[in-house]
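A.B. asks: Sequence:
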Amino acid sequence: GTNIDENLILSQAHKFNNHKFIPEYILIDDGWCHIGDWDKPSSSNFPHWVDMLKELKTLNYKTGLWISPFMVDKQSSLFKARPDWIVKNHGKPLNVFVSYPFFKDLTPKYLLDFTNPQALEYLYHCFDNIISNWGVSLLKIDHLYAPYFAIDPKMAATASQAIVDLFGYIKTNYPRVYIIAC
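Per the working numbering, the sequence shown runs over residues 6 to 187.
One or more of the hints may lead you astray.
Unchecked claim - Using 25 Å as the maximum straight-line C-alpha spacing, the simulated DSS-like pairs for lysine-lysine come out as follows:
| no. | residue 1 | residue 2 |
| --- | --- | --- |
| 1 | K62 | K45 |
| 2 | K145 | K62 |
| 3 | K62 | K25 |
| 4 | K97 | K159 |
| 5 | K176 | K67 |
| 6 | K145 | K20 |
| 7 | K145 | K45 |
| 8 | K79 | K45 |
Simulated from the structure, these hints should not be mistaken for laboratory data.
Kindly produce the complete structure, drawing on both the sequences and the hints.
C.D. replies: Written out as structure tokens, the structure is:
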């Protein structure tokens, strides 16, 4: 689940080292940051983020990281700083979890405006930081359906192109990074 912190990640990494089959990657899943703040981990759960990543490397693990690039949480710095980057429906932020009617308790997540060049530049900068500075070599890119919930159905081709461009950016700039597309 999303209830993770650096102590849990490191303790599991150490436990794996005592098994017969040691995994190549440690994937840090949802919960490492506020959704949308892909450039900074949660300071309360991951106060020593860079040190944790170094320790994983010392233990001979490659690091994987979950990211949902087209979704933004209301608690995120991005949502607060750039509300103009959120797709609106009748003046209100568009909740991409409306497609999950069977889950009544999901906290709303909002759609990043994938047509806004500045928002996309922010995403690309985050990927540069995640890969180049943090050394992440596996990306679990989730909720790729989100752009298709844009209000105008004619935006489907633009949504597809935003996803293709994102994958193209990663492949061109970081050809050795593995991607799990969800």
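A.B. asks: Each hint: holds or not?
C.D. replies: Now the hints, each set against the structure:
no.: 1; hint: K62 - K45; result: holds (19 Å)
no.: 2; hint: K145 - K62; result: holds (19 Å)
no.: 3; hint: K62 - K25; result: holds (19 Å)
no.: 4; hint: K97 - K159; result: holds (20 Å)
no.: 5; hint: K176 - K67; result: holds (18 Å)
no.: 6; hint: K145 - K20; result: holds (23 Å)
no.: 7; hint: K145 - K45; result: holds (17 Å)
no.: 8; hint: K79 - K45; result: holds (16 Å)
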